[in-house]
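Work the whole structure out from these sequences, hints included.
Chains as they are written, first to last, in the numbering used here: chain A, 17 to 361; chain B, 17 to 361; chain C, 17 to 361; chain D, 17 to 361.
In short, the hints are calculated from the structure, not lab data.
Given the structure is predicted, the values throughout are model-derived calculations rather than measurements.
Hints are supplied without guarantee of correctness; some may be wrong.
Since the list gives no way to pick one copy over another, a pair counts as held whenever it fits inside one copy or between any two copies.
Pairs of lysine-lysine, PhoX-like flavour, derived with a Cα cap of 25 Å [claimed, not checked]: (1) Lys90 with Lys238; (2) Lys140 with Lys125; (3) Lys238 with Lys22; (4) Lys350 with Lys90.
4 protein chains.
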Amino acid sequence: MKLNFKNDYNTIGDIKLLNKLIEYSNEKNIGYGEDYHSKELNELVNRMVGLDTDTYVISGGTITNVIALNQILKYQYEAVITGENSHINVHETGALEATGHKIILTPLKNGKIDIDEIKNTYNKYVDNHMVMPKALYLSNANELGLTYTLDELKRISKICKELNLYFFIDGARLPIALVASDYSLKDIASLCDMFYIGGTKNGLPYGELLIIINDELKANFKYLLKNKLGMLAKGFVGAILFKEYLKDDYYLKLAKNNLVAANKLRDKLKKYLIYPNNTNQIFIKLKNEVVDKLNEYVEFEIWENLGDSKVVRLVTSYNTNNADIEDFFNVAKKWDYSTNEQKST
Amino acid sequence: MKLNFKNDYNTIGDIKLLNKLIEYSNEKNIGYGEDYHSKELNELVNRMVGLDTDTYVISGGTITNVIALNQILKYQYEAVITGENSHINVHETGALEATGHKIILTPLKNGKIDIDEIKNTYNKYVDNHMVMPKALYLSNANELGLTYTLDELKRISKICKELNLYFFIDGARLPIALVASDYSLKDIASLCDMFYIGGTKNGLPYGELLIIINDELKANFKYLLKNKLGMLAKGFVGAILFKEYLKDDYYLKLAKNNLVAANKLRDKLKKYLIYPNNTNQIFIKLKNEVVDKLNEYVEFEIWENLGDSKVVRLVTSYNTNNADIEDFFNVAKKWDYSTNEQKST
Amino acid sequence: MKLNFKNDYNTIGDIKLLNKLIEYSNEKNIGYGEDYHSKELNELVNRMVGLDTDTYVISGGTITNVIALNQILKYQYEAVITGENSHINVHETGALEATGHKIILTPLKNGKIDIDEIKNTYNKYVDNHMVMPKALYLSNANELGLTYTLDELKRISKICKELNLYFFIDGARLPIALVASDYSLKDIASLCDMFYIGGTKNGLPYGELLIIINDELKANFKYLLKNKLGMLAKGFVGAILFKEYLKDDYYLKLAKNNLVAANKLRDKLKKYLIYPNNTNQIFIKLKNEVVDKLNEYVEFEIWENLGDSKVVRLVTSYNTNNADIEDFFNVAKKWDYSTNEQKST
Amino acid sequence: MKLNFKNDYNTIGDIKLLNKLIEYSNEKNIGYGEDYHSKELNELVNRMVGLDTDTYVISGGTITNVIALNQILKYQYEAVITGENSHINVHETGALEATGHKIILTPLKNGKIDIDEIKNTYNKYVDNHMVMPKALYLSNANELGLTYTLDELKRISKICKELNLYFFIDGARLPIALVASDYSLKDIASLCDMFYIGGTKNGLPYGELLIIINDELKANFKYLLKNKLGMLAKGFVGAILFKEYLKDDYYLKLAKNNLVAANKLRDKLKKYLIYPNNTNQIFIKLKNEVVDKLNEYVEFEIWENLGDSKVVRLVTSYNTNNADIEDFFNVAKKWDYSTNEQKST
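Right under this line is the structure:
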């Protein structure tokens, strides 16, 4: 099989986690998340963040974003502010709009939401001929692998409070953001109204754990979950997986392994880097010939076409190991030496 | 732990199927159902039904119903005909209406859609002040555990063709319907435009396999799947599970085990039966005192309150075994003997 | 031209009202209902009902129903209870469902909502797998021309309060209901949370006047009005019309003229009456041959086919006069004498 | 009363048109646009554009845009391309998104859609994780009063055909665009798939005339019209008004009167002009003090705040006459002479 650095959701999942499914395969449980595992998971999260939260396991990122934002946005004239490159705006096939809500774009700065512009954006919405901004969405780490600093998150949180915007964090890649940064899950929980801890992109076969912090946003969530297609009959499966995933910060261990691999790859590719970041997405610019050769041995994503060169995205995962990295450079060596132009880029 | 006859989705799943997740845990695959397992699954289904189909694994019943019907119903004035007791009408928290479509009710007869009334219902929709019927939905086995006969399905299929209605079968419990009836998967596929084979209620941790027969309904399905929140990043997980589930009709073996258990239970409860059917849902009428005592030992659903008695629903599963049945009657014996009134019901 | 008893919206409107458009044709006003006429209209309504209301002129019945119910129902799992024959269920082409909300049906009794059944209907909605009832809708007069008595409205109002259901009255034909009953506009306003006074069916070229009573339902209505397509740029036109329409109870004079005409017609058609009521819709059962002959001279609606006879609906209007009634019976005389069977029906 | 240059929908309408309502006030007609006036209107339009069209009068601009685009866009993953400043994107309170569809933004050039960028925008939508572009929307004249040239419209039309995009023109201000440009209604009809002729902003009390050119977009329109809240019971009212409005190009006469007034105003305000255009919206930049003084005598829109100055929008109408213009400059003279800074701007 080809080497695969295409994304961080290309294998079923971590064996220790999967074995829990075997262990509990025949245990009888109540359906729809009313089981004791779901309750224990909620208690575990509450201890971890030091708050009284509501928690729900939902199958994937897009559906979690849409349901969470629908819990926040009631009337269809209520809208969410986000950056142009955000997942809900670009890569969800209009799923949020399909539930009736508009997305308001606010300017970016170096790939992240420009904090200084949030208030300006908000202030443009002045009357009932325009939608009403009610929430701010960002992902952390975001689509370009960038993380917000603690200071940035605090500033955003403060602005949201001031403007009466609910602050929602898409945490599909929150685990690696936490290990790549200087803040904790507790910090995240203290700064926003709702967020989730991604599982799919960090070693689980499926699942994101939505955590509702703000009491105003808790009522009747399961009605919405069912109405918006996210309720799973065997809710206990996700709860069993997430309990093990969070226990003793195992999810951070998986993310750390990923980050170590990413950093090894990044270090050696330093001279080709474009869109630098501190997590597990490595964007490099390569001549077209090199891309073609590399592609014979390695699966990856073409991010952008730039005429005679391309931006290639390499992504490491919770289970990327030293051998994978070595294999990559054993292959890479070939084209690196054979392509003089590339070396001098 | 209490005996549990509450439903057929109260355990994670069949161990042989779950072990596939362990076996393939580290295999690298393309995301979003573009992997080779999804392709092989499709080929397997095509061989099984002798047709060129499109196949998609979706996480659960409600979301499959909604997405399937949204592929069929385009404009929001297009509606689906079904019976009052159908799952989409009663137990999906308005999920179909939330995508903009009305449900038209047609009369029932003995718990199933009254075939003689379909055309009458259709004919009431005469002009543009009313919705336009475009599909017929039924579940088989249905919510009361009833199955349609082959002859009935053929008659419905013919009426649908005549009226230009697409015929969609909710197969959340299709496996047990197949083993309880005299027709095959091939028959089902030959009579409708779209249907699914349930996994969640027959030994899989999650997943329904949607099968599109009619070529008119195939275009751009993945756009809809993502837009309507059903696309899973790790699509290959469901494909791996369903390949094993369908291989050598393993899914029918699981359903058969279930049916054998159900029949044992049913036979011994004959005198209490109400809403009789031929699958794995057993509705019995018991005095309130008996219900309370039984409930100390057994988990089940209260289906209906009838004053001094109740309708209790007992459901067997793919993994219900002889010991479970014996345990049940060991318990049941107690209340049966101690409650004279009950014995004479 | 043929005599026309097809409906009560078959002429542009009352000349006194239309002349107001000429009178004010060149007066400059602020758009979108922010003008002084809209304000004066609101003050007039407040005086009439003795309450502090919000008022909005919306173009027609269906759009008013949908917007009003969308102001009441926030989350898409919230639903409205009504009878099977109600306008929102039958004759709005699924417009309410197209905004995401399910309609719950409650049993009828003699063509009106069976008040004794409302609580039973409500009580069926027990958990998050079903929609959540939040409103009750009825029209008064309803589609069969029936009116609710004051006592009935009081009982419904009380039940709604008890069950936390918002009570919304479709008043497309409220003017004639008021003149045909023993209660006033003030009574209506005191018993419900929101209602409207129909204009289209009582002499206005277009327009229904939505009146919001309950303070909880007032916030941000104009956002919804625009979002749900009901905001008119020249809002002052409707306000000018409605001011004149309501002034000195002119709308009741129009309705009274209508009722007088209806009663004349009804009295003479007594022996053919079917679905009797006290307003301006007269349902008569006639042999098919008679229907055909009558149709040569008179426009009307065929309500139902009953084999060799038909139910015909005759509707009188604000401007139906004695000559119209006489002309009708001059024509009717012909077929009445020529059809012996009919006479003995 | 203050002078009023706030917008082009501040009076009820042209007296000749309104008198038609008086003339026909008592004529009996069939409802819902099935009347003979609606038919004659359609025939008139067909003669005017030399094509076989379908025509519908809808109450206002926003609702016409939303219904037209919903006729074009079927599945909710289908999206419309337009510029950032377009009415559907900015000033419709998210009404299009509320029907489930995303708006794709394409770059502007000098306030109009940059034709050279349309294909680039289209080409970014490459797979089923993104919405599918199916239509292009522009308004002509647009929100800044700018018109597209015939050559520009031809180029856009050609690109749309090439990319399989339906081309829809918002004609809320099409009448003045026609008199300000070198092309005819026939040209417009020959280049797009659907468009409308605005009435509200050119002398009618309400109403836009939607014209469907492309046969593929004609089926079942009335179902959608009702489902999306646009069907008027008294459809004949709009038809009567529009027949008179279009007869002998009366609508162009009204627009011409407007343009003459606009040009007079514009000529004398030349030195303050900002965002120049050729129709009836005049954007001028004035010192704050001047704006305040002017506002004592004249109603207008503040378009933008620029610190110590403001952009003021003056709009002329079908009924703006020489006296209005003279009155304006009699007032304007005062501040012009008293504010030296302003004179030298």
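Status of the hints after comparison with the structure:
1. Lys90 with Lys238: The answer is both: 15 Å in one copy and 15 Å across copies each meet 25 Å.
2. Lys140 with Lys125: This pair counts as both: shortest intra-copy Cα distance 19 Å, inter-copy 21 Å.
3. Lys238 with Lys22: between (35 Å within a copy, 20 Å between copies)
4. Lys350 with Lys90: neither (56 Å within a copy, 50 Å between copies)
The structure is inconsistent with hint 4 alone, although it conforms to all the rest.
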